[in-house]
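Start from chain D and add chains X and W according to the hints.
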Amino acid sequence: MSNNSIHSFGIGIASKNAAGDIIEVLYPKPANEVSAELSAALLGACGLGAGECGFVELDSNQYEQLVSQLPEALATALAGLQVQTTQQALVLCVLGADLAPTSIPEAFLKLQLLSHRLVKPHGVKLDGMFAVLKNLAWTNEGPIDLADLPARRIAARAAGRTLDVASVDKFPKMTDYVVPEGVRIADAARVRLGAYLGAGTTIMHEGFVNFNAGTLGAAMIEGRISAGVVVGENSDLGGGCSTMGTLSGGGKEIISVGRDCLIGANAGIGFPLADGCTVEAGLYVTAGTKVRLLDASGAEIKQVKARELSTLQHHLFRRNSITGAVECVPLKTSVTLNEALHSHN
Amino acid sequence: MSNNSIHSFGIGIASKNAAGDIIEVLYPKPANEVSAELSAALLGACGLGAGECGFVELDSNQYEQLVSQLPEALATALAGLQVQTTQQALVLCVLGADLAPTSIPEAFLKLQLLSHRLVKPHGVKLDGMFAVLKNLAWTNEGPIDLADLPARRIAARAAGRTLDVASVDKFPKMTDYVVPEGVRIADAARVRLGAYLGAGTTIMHEGFVNFNAGTLGAAMIEGRISAGVVVGENSDLGGGCSTMGTLSGGGKEIISVGRDCLIGANAGIGFPLADGCTVEAGLYVTAGTKVRLLDASGAEIKQVKARELSTLQHHLFRRNSITGAVECVPLKTSVTLNEALHSHN
Amino acid sequence: MSNNSIHSFGIGIASKNAAGDIIEVLYPKPANEVSAELSAALLGACGLGAGECGFVELDSNQYEQLVSQLPEALATALAGLQVQTTQQALVLCVLGADLAPTSIPEAFLKLQLLSHRLVKPHGVKLDGMFAVLKNLAWTNEGPIDLADLPARRIAARAAGRTLDVASVDKFPKMTDYVVPEGVRIADAARVRLGAYLGAGTTIMHEGFVNFNAGTLGAAMIEGRISAGVVVGENSDLGGGCSTMGTLSGGGKEIISVGRDCLIGANAGIGFPLADGCTVEAGLYVTAGTKVRLLDASGAEIKQVKARELSTLQHHLFRRNSITGAVECVPLKTSVTLNEALHSHN
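Chains as they are written, first to last, in our numbering: chain D, 81 to 425; chain X, 81 to 425; chain W, 81 to 425.
Looking at chain D on its own, in the form it has when it is part of the complex (with noise of 0.2 angstroms):
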C-alpha cells in the first residue's frame, strides 16, 4: 500500500453498557490492506486527520454509504450488520498508523487482525492495553459490564432465564470473533481474541494461546503458549507444557519455539527453542538451567546455561534418570506430525 494509506480499518457491531459506553466491538472482516482513496474516505468518516487513529459511529445510512465504497468481497463480507438496541451501535474504527491503542473499538480492531491472520504476533503496537480495555463478564447474554452484572443478573433468574457467565476478563475468546481456516480449536474457552492461529494447528483441550502469540503454521498444541509467544510449523507441544512467559511470574527472555520441534508432556521452557530441538516430557529446562552439553559418544563438551542454547538446533533436553543431571544431546529424528489430525481440519 501506499504511504497514503492508512494501517488498517474495520466496520463492526458494537456492545455498550448501561452508561452508553462501547465495552466491545465485533469486526466481522477487518482489513489492512486499503488503497490511498479508501483511505482517505475511511479518515474523513471519522473526521481524522494522516497517521491519527479513532473510531466513530454509524446511523444505518452512514453505513450503507459506507459499505458501497468498499472492494466487493469486503462490502459482501460486511453486510447485513444492523442493530436492534439501544445497546448496541454500528462503529467504524480507523488507523491512521500502529499506535499505542487509546480507545476499547481500537484495541478491539487490533486483536481481530492478529486473530484474522492479517498481522503477525509481535506485529502491531499494543501498549497500554491493558488499561483501555474494560475488564467484563462474558455471558449467554453478550458482554456485560461488572457495574450492569447483578441486576442483569436478578433480571434473568426472575424471568426465568439462567445468566450464564463464562468469563470474567478483559479479552474474549477468539472463536466469538473469528475462526481462522484450517484450525481445531477443542476447548475454545482457552484461546484468547488476539492469537494467531495458522493453518493446520489443533489445539487440545488442553492446550491454550494467550494473545499476540500463536502458531505459523500446521501444528499440534496440548500446551501452553504464553503471551508473546510464536511457535514455528510442524512443532507439537504435549500435554499441559509450558511456555514461560513474559507478563508475569520468571523471566525476562522472550521466548519461542522452532519448527519441527517436540516439547513433551508436562515439560517446560524458559528459553526460545531452535528449531528440530526435542524437550522431554516432564522436563522444565528454565533459561538459568545448567545443562550437561554431549557429543554424539555421550562425552561431555562442556557445562553451560540453557539460554546459551537457544540457537542449537536438533537436540534433545532430557533428565538422565540415573545421575538426576540435565543433559542436552544431538538428535537423530524428529518429530513428525500425525497427517491424520490436521490434514481434515
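None of these hints come from the bench; they were simulated from the model. The model shown is predicted, which means the values in this text are computed figures rather than measured ones.
Same chains, same label: a pair holds when it works inside one copy or across any pair of copies.
Taking lysine-lysine and the BS3-like style, the derived pairs with C-alpha atoms no more than 30 angstroms apart in a straight line are:
(1) LYS370 / LYS382
(2) LYS200 / LYS214
(3) LYS109 / LYS214
(4) LYS385 / LYS412
(5) LYS370 / LYS412
(6) LYS109 / LYS96
(7) LYS214 / LYS96
(8) LYS109 / LYS205
(9) LYS205 / LYS96
(10) LYS385 / LYS370
(11) LYS109 / LYS200
(12) LYS382 / LYS412
Below, chains X and W without anything else, positioned relative to chain D:
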C-alpha cells in the same frame, strides 16, 4: 444375540448444514442387543443387506412405525422425537457389522455406543473416523458448519443475540449426548463424546478424557486420559497428570493404568502401569526411562527401562531427591479413594 | 453482632426438579451482620428457635414484607426477585448458628457467604456437605436434576434448541452466583462456588480454585488451589502448578501458601509454603521430599524433609540440574506482581 443380529442401531435427531448435509446425530438411546427379528426389520428399513452399515432419514410416520416395533423400554426412551426445521432430520442408523465408519451417522453412533457404556474402549472399529467427521463449530445455537459460521455470526449479532462458539472440533462434548449413571464431570468441555466412564467416576476440572478411552469403575480423575487409554477401577489420577497417547508426540506403546493405582499430580506415564502402582507427584516416567529397581531393603536389583516393569504390581516410582535417580520400590500400602467424593454421584 | 444475632441469612430464588424438590438457590446478597431485632424476625419467619437453621418458601407477599424490614442497602440489592414457573421458588434461609449444613438451601448459603467474602475459607462448617448437595446437570436452561435430563434433552432438540450440559457436579461455578469486586477469571468454569477470591486476584485460564479455598489479596493464579488451600497476598502461582489437597490422593498436611510466594509453572507443593518462598518451575516438593538445606555460601546445613521447612521464609526450592538433588537456599529477591495485570481489575 444370534448370528442373524445386527451389531447395533440408533434412532435420533440429526443436524444439517445449509447445504442439507447431515453433520451430527444425537441418539438418545442407542442399542446393541437386538433380536434377529428386529434386526431384519431395521436392515430392511435402511435398505441394507446382512452385515452392511448405513442410515436413512425418516418421516414422522416411518419414525412412529419403527418405534412401535421396538421393545418397550427402548420405545419409551425414544418417544417424542420430532423435527422443527429443515436443518434437522429424524434418522435411523444401522450397523449390520462392526465395520470402519464411512458416514457421520455411523461414526456418531459408535461414539455414543461407547459413552452409553454399551461397548468398551477398543470395542468397536473407529479406523478412518477423522476423515469421516466434519470439523464443526459447537455453539449455543447447535452445531454449525464452518462454511455457514460467518453469516450465522452476523445474523445473531444483528438480531441482538450472541453466538457463542464453545469448540471447533470434530468431536462434541459427551454430556450434550449422554450422562451415564453415577458420574460427576466438573468441566464437561473436557470429556469428548466417545469417552467411557465407569459408574463412580469423578472427573475434576483438570481431568480430561478423550474418545475410545476412559475408566472401568469408580475413579478420581484430575489428570488426562489420552485416546485409547483405559484406567482400572479404584484408581486415582492426580491433578494435571499425563498418560501418553499414541495419536501424536511420543510413544508407540499402548498405555493403560491398572486398578488401585495412583498417579500423582503433574506426574506422567509413557508405559502401562500395573495394578496397585503409584507414581510420585511430579515424576514423568516414559517407556524408555532407565529405572533403578530396588528391593524392600533399598538394595538395587537391576537397572531397567520402565517398559519392562509394566507388569510389576504394587510398586512405587519415585525420583530420589538426593541422588536424582528414578527408582522403583515395593509399596506397602495402596491408594484408597475418598468414599465421600464418590458415593453420592 | 450481639449474642442474640443469627449467624447469617439469605433471600433468593431456588430451582426445583420435576418432583418439586429444591436443588439449588441463588442468594443475590447474603448477609452475616444481622441486628438482634432482624434476627428475631427472620427466625420467626422460618419458624426456627435461637441457634437453629432452616429455610422456608415465600410467596410474593411474604417476600415483599420481609424485604421491607431489611436495611436499605440490602433491600435495594434484593429488589425485583420473583418467580415465573413452578420450577422456581422464593426462599428465605436462616442460619441461627454455624452448624453442619443439612439442606441444599443451607449448603448453598454457606458457599455463597464464602464467595461474597463474608467468611474466609475454613470460616464455616461444611461437614457432610457432599451428602447434602445433589449431583446436577448445569445447563444453558439452568440446573437440571439428572433424573429429568434425558426427557429435557429430547424436548429441547425436538423444539429446535440445543441443551448444553456444561457440568455435571454438586458445585456450580462461582460466577453464576457472584463476581466479587476486583477480580478477573479467564475461564470461569474453573472456579467453584465457595471459592474466596481476594480483591486484585487474577485467575488465568489454567488457574483453578476449589470451594473453601482461595486468595487473601492480590494474586496471579495460573495454577490449582485445592479445597482448603489458602494463598497469601502478592503471591504468584505459575501455569499448571499444583497445591496438594487433602480430599483425595496424597497427603494429610493442610497446605497453604504464604504471601510474596512464587510457585513456578508445572511445579507443586505438598507442604505449607512460608512467606517469600519460591519453588522453581517444574519441581514438585511433597511433604516427605528429602531436601538439602544450604546456607548462602552453598554449604549443606542438613538434610530434612520438606514438611520441616514449612516455616522457613524467603527461601528457594530447586533441583540442582547437575546433581539432581532437591535443594533449599536463601533467596535474595522476592516476587513482584506485574502491576498492569492487576491494577485495572
